[in-house]
Amino acid sequence: MSPVTNDQLESADIQGLLARGFGNLPWASYVMVHIAEPSPARSLVREWANRVTPANASPLDTAMNVALTAQGVRALTTKSAVDLGFSEPYATGMVTEYRSRLLGDAGKNAPAGWEWGGPNSEPVHLAVLLYAASEARLSELQKSVIGSLATGGMRVAKLLGTAELTDREPFGFHDGISQPVIAEFASTSREGDVVKSGEFVLGYVNEYSQRTERPLLAADSDPQRILPHDPDGSGAADLGRNGSYLVFRQLRQDIAAFEDFLTRSASVDGHVDAAAKERLAAKLVGRWRESGAPLTLSPDYDDLSYAKANRFGYHEQDPDGLRCPLGAHVRRANPRDSLPPNPGTEESRQVNRRHRLLRRGRNYGPGGTEPSDAPRGLHFLCLNANIARQYEFVQHSWVNDPNFAGMVGVEDPLTGPRAGTTSFVEPAVPLRRRHTGLPQFVQVRGGAYFFLPGIRALRYLSSTPVI
Amino acid sequence: MAEQVAVTVRAQIADGRVGAVTRLLSNRSAGIANEDLRLAQLPRVHFARVFVVESATLRSGETIPASLVYMADVDGSLARHLRDLVENAAPGVDKLFGLCVGYPAQPDDARRIAWLRSHTLPATAYYVHCVGRSVERVSNETRLYGCVQDILDRGEIATNGATPAQIRTRIRDAVLRRADFSWITDPPHGPGLCRRVRDCVQLVGVVALLLIAAPVLVPVALLWLVLVRVIEQRDSQEEGSPDQNHVDDVRRYEDLGAQNPFTGVGEIKPGLIRLVTIRVALAGLNFACRHLYSRDNLAGIDTIHFARWVLLDGNRRLIFASSYDGSLESYMDDFISQVAWGINLVFGNGAGFPRTRWLILGGARDEIRYKHYLRRHQIPTRVFYSAYPHRTVVNHDKFTTVHAGIASDTADPDEWTKLL
Numbered sequence: 002m003s004p005v006t007n008d009q010l011e012s013a014d015i016q017g018l019l020a021r022g023f024g025n026l027p028w029a030s031y032v033m034v035h036i037a038e039p040s041p042a043r044s045l046v047r048e049w050a051n052r053v054t055p056a057n058a059s060p061l062d063t064a065m066n067v068a069l070t071a072q073g074v075r076a077l078t079t080k081s082a083v084d085l086g087f088s089e090p091y092a093t094g095m096v097t098e099y100r101s102r103l104l105g106d107a108g109k110n111a112p113a114g115w116e117w118g119g120p121n122s123e124p125v126h127l128a129v130l131l132y133a134a135s136e137a138r139l140s141e142l143q144k145s146v147i148g149s150l151a152t153g154g155m156r157v158a159k160l161l162g163t164a165e166l167t168d169r170e171p172f173g174f175h176d177g178i179s180q181p182v183i184a185e186f187a188s189t190s191r192e193g194d195v196v197k198s199g200e201f202v203l204g205y206v207n208e209y210s211q212r213t214e215r216p217l218l219a220a221d222s223d224p225q226r227i228l229p230h231d232p233d234g235s236g237a238a239d240l241g242r243n244g245s246y247l248v249f250r251q252l253r254q255d256i257a258a259f260e261d262f263l264t265r266s267a268s269v270d271g272h273v274d275a276a277a278k279e280r281l282a283a284k285l286v287g288r289w290r291e292s293g294a295p296l297t298l299s300p301d302y303d304d305l306s307y308a309k310a311n312r313f314g315y316h317e318q319d320p321d322g323l324r325c326p327l328g329a330h331v332r333r334a335n336p337r338d339s340l341p342p343n344p345g346t347e348e349s350r351q352v353n354r355r356h357r358l359l360r361r362g363r364n365y366g367p368g369g370t371e372p373s374d375a376p377r378g379l380h381f382l383c384l385n386a387n388i389a390r391q392y393e394f395v396q397h398s399w400v401n402d403p404n405f406a407g408m409v410g411v412e413d414p415l416t417g418p419r420a421g422t423t424s425f426v427e428p429a430v431p432l433r434r435r436h437t438g439l440p441q442f443v444q445v446r447g448g449a450y451f452f453l454p455g456i457r458a459l460r461y462l463s464s465t466p467v468i
Numbered sequence: 055m056a057e058q059v060a061v062t063v064r065a066q067i068a069d070g071r072v073g074a075v076t077r078l079l080s081n082r083s084a085g086i087a088n089e090d091l092r093l094a095q096l097p098r099v100h101f102a103r104v105f106v107v108e109s110a111t112l113r114s115g116e117t118i119p120a121s122l123v124y125m126a127d128v129d130g131s132l133a134r135h136l137r138d139l140v141e142n143a144a145p146g147v148d149k150l151f152g153l154c155v156g157y158p159a160q161p162d163d164a165r166r167i168a169w170l171r172s173h174t175l176p177a178t179a180y181y182v183h184c185v186g187r188s189v190e191r192v193s194n195e196t197r198l199y200g201c202v203q204d205i206l207d208r209g210e211i212a213t214n215g216a217t218p219a220q221i222r223t224r225i226r227d228a229v230l231r232r233a234d235f236s237w238i239t240d241p242p243h244g245p246g247l248c249r250r251v252r253d254c255v256q257l258v259g260v261v262a263l264l265l266i267a268a269p270v271l272v273p274v275a276l277l278w279l280v281l282v283r284v285i286e287q288r289d290s291q292e293e294g295s296p297d298q299n300h301v302d303d304v305r306r307y308e309d310l311g312a313q314n315p316f317t318g319v320g321e322i323k324p325g326l327i328r329l330v331t332i333r334v335a336l337a338g339l340n341f342a343c344r345h346l347y348s349r350d351n352l353a354g355i356d357t358i359h360f361a362r363w364v365l366l367d368g369n370r371r372l373i374f375a376s377s378y379d380g381s382l383e384s385y386m387d388d389f390i391s392q393v394a395w396g397i398n399l400v401f402g403n404g405a406g407f408p409r410t411r412w413l414i415l416g417g418a419r420d421e422i423r424y425k426h427y428l429r430r431h432q433i434p435t436r437v438f439y440s441a442y443p444h445r446t447v448v449n450h451d452k453f454t455t456v457h458a459g460i461a462s463d464t465a466d467p468d469e470w471t472k473l474l
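Protein sequences appear in the order of chains A and X.
Each step along the first sequence adds one to the number in this note's numbering, with nothing skipped, and position 334 is 335.
Each step along the second sequence adds one to the number in this note's numbering, with nothing skipped, and position 23 is 77.
Accuracy of the hints is not assured; some may be wrong.
Per the computed footprint, the stretches of chain A lying under chain X, defined by three or more beta-carbons under 8 Å from a beta-carbon of chain X, are [what the hints assert, rightly or not]: (1) 211-220; (2) 394-405; (3) 426-433.
Hints are computed from structural coordinates only; laboratory data are not their basis.
Just so we're clear, the structure is a prediction, and the values are computed from it rather than from any experiment.
Using N, Cα and C, we set each Cβ at its ideal position, and we do this for glycine too.
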C-alpha cells in the first residue's frame, strides 16, 4: 500500500465535536437513548441529522451532536456492526469479558455495577450530546429533545448532566492542557502536537500514512447515493468517512479519599505540611494543581511562568523521573519523547503520535473540593479513529500497566484500578521515596463505545434499511 | 551457566480425537500446566505451551492431519528436559499424548522419553532475550530486588546524608545478613566459555566466508531480489477482518498476566524461490539472534522473552511462537514501527501476507491488513505456562543490573541507586 496524500477535511459533513469541545457553551448534558421502535426512531434521527452542529459552524447559543452504539446501529439498520465492517472493538462493544480484563473493568469497576452501559441496565443505542450557552438554554434544548423521544419510539435510558464548564477536573487539576492538534481545525495561537487528521477522522490519512479500517459498503447498498465515496476509488460507499469513534466513560472521583491520602502523607505528628501536600499531589499527576505548570519544567515549586506550559519532553530533561515521576498520571497518558526506540528523538515522538486521544470530557456533580454527598467525577469522552491502537492501548499499555517504563508493580496513582491499595514511587537522589497505601480514587460508573458518524452517514443510517 | 534451548514436540492426534483434545486443553487450561504436567516443579522451565494445529489442506491438495504441539523454553538440554518432564509427570504426559498416534500402549519412562524424542522438531531460528539467564537466576534476582525494596521500606539502613556509594554498601551488607543471599557477591555470568568460543569461531568463520564469497554473493543476491520482485507481482494478499469467533477464542488466553503467548501458523508461498528465501532469511535471523541479539533486545524490541520459528511439513509451513510482554496490539505496533523490514523478510514468504515490495518494503507496514493477518493465523494457546507471569523482560534486566551493581563496585553508584 503506497502512502496517500491527505485530502481536505469535509468539515460540513463532520460533527462539531471533532473540531471543538464547545468551550464557549459551558452547559452540557448527554441524553442516553434507548430505541424501542425502529421505524419512528429512524424518522426522528433523520430530523436530528438536519439539526446536528457541523464542524464548520461555531455556535454561540446551542449545539447538538449524535452518536450511536453498535447496538444502536443494529436497531436502526437491522444489520450488525461487525457485518457492516466497523472495527472490532466498536462492533463488539466496551462490555465483553475480554475487554473488561483489558480495560481494568473488574472489582469496583466491573460493568455489572455500572449505572448505564453495563449488563444490568437498559441498553443504550444513541447518545445525544447537548451544549448551550446558559443553563436555561440547555434546559429548553434538553426538554425539547426528550419531549420528542416518545414520538420517535425512543426513551431516555440515562440522562447525564454535567457541571458548568471549568478548566479543572474534580480533583482540582487543570485538565485538557495537552491535546493533539488536527492541523485543519487548529487556531493559529494554539501550541501542541500536530497529528494527522486520520488519527481522529475516519477516511483520512493517519500517522501510518494510511486510511484506517472503516465500514465500506457495496455501491448498491446506497441506492439513494447519500454517502460519500471511498476516496481510494474502490467505488464503495464510505459509511465511515467523516466519522469517528467516541469513547465514553463515566468516572466517579472520590475527592474525600484523595484529599485524605494527601493529608495523611503530608502530616508529621498531626501537623499538615501544606506545601508537602501540594508537592505530592503534583508528583502523582505530573503538573502543579494551582497553575498546571509541568513538573518537568518547574520541579521544585509551582512556577507560574510555566502555567499550563506544554512544550517539553521527558527524555530531554528528565529521563529518570527525578522531576516528573515515571509513574505520574500525565507521563503515562502521554509519554511524549520517552518511548523506545531511541527516546528523545523524532522517532520516539512519532511512535507517541500513533496513540493520541482527542479529549472532550466534562465534569459532573458539585464544583469545588468541599465535602459533598453528591457524586462527583468526569464524563470522560475521547475521539479516535482506531480504538484498539489509541484508547485501549493508552488505557492498557500505558496508564494501567503496572510495569510501565520499566517500573515494577506500580499502578497509576490517580486513575488506576486496585485490588487493594498500591504504592507510588517518587524517584529522588540519592534514593526514591515510596508512598504506600494509595486506595482507588476513581471508579468507572458507566461507559460505551459510540460511533460519531459523518452527517451524511447519520442520514444513511436512519434511512429505510436496504435489504 | 546453562544455555536455553527450544523444545518442540509435535504428534499427530489419533483419528476422531481432535475434539476431545481441544476440549481437554480448553477446559483444563491451567490444570494441564500445573496439575498434569506439574511444570512449576521443574526448575529449568521458563515458558511452556500446548496447542492444537488444526488439520489443513495445503495448496497442493494434500491434507495435513491435526496435531498436538508441546513447546518449552528450558535451561540445559532437550534430553534433560524430556527426562525431567517424564520423571516428574508421567501420568500427565500419558493423558496428553495418549491421544496421539503411536503413543506407547504400555508406557514406561524409557518408552515415553524415546517417543517424545522421536517427535521433536528443531527450531529453525531461536531468539533468547538474555542468553544464559536461567530460571534460577531470574528467580534469585527477583528475590534480591524485593529484598532491597524491603530493606529500604523498613528503614533498615541509614540513608540520610549518605552518598549513593555508601547506600549501596549498606544495602549489600543488609542483604548479606539475610539467609540465602550469599550468591549476590558472584556477578551475573553471561554464556559459558564453551559457548563463547563456539560463537566466536562461528562468527569469524561465517564473516570470512561471506567476505570471500562476496564477489559472487552480491550479484547473486541482487539477481535474486529481482526474481523475487517479479514473483511478488503475482502474490495475493488476504483481505478483510478475521472471523469474530476465532478472535474471541484466541483472546480467551490473552492478557491474563504481564506476558502473552503468540502462536501462529502459515503456509509458505509455492516455489523454490520462496523456499530458498525463507530458509536464508531464517538462517540469517538465527545467526543474528546468536551474535547480535543475545543480550537484551531483538532488533531493538525489548518485550520478547523467547521466540522461535519452526519449519514443518516438509518446509511447507512455518510455526512462529513467542512469549512477549504487553498486549498483542502493542506487540504488533512495535513490529510495524521498528522492524517491519525483518518481519517482511521472513513472514512475507507466507501465503496471504500483505503484499511486499523488494522483499522488505510494504508488507507489515500495511497496518490493518498486517494486524488482521496475524490474528487470522493465530492459534489459540490453550495451555500457557510462565515461571514468572508478572514480570517483564525489562524488569528482569533491571534486576540483573541491580545484582551486577551489588556484586561489583565497578558500576556507577549514582546510576545504580536510580534503579531502586
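Hint check results:
Beta-carbon proximity to chain X at under 8 Å applies to 3 residues in the segment 211-220 of chain A; the threshold of 3 is reached and the given coverage holds. Proximity of the segment 394-405 of chain A to chain X, defined as three or more residues with a beta carbon under 8 Å from a beta carbon of that chain, is established by the 6 residues found. Against chain X, the segment 426-433 of chain A contributes 5 residues with a C-beta closer than 8 Å to a partner C-beta. That satisfies the three-residue criterion, and the hint holds.
Comparing the model with each earlier hint shows no violations; every hint is respected.
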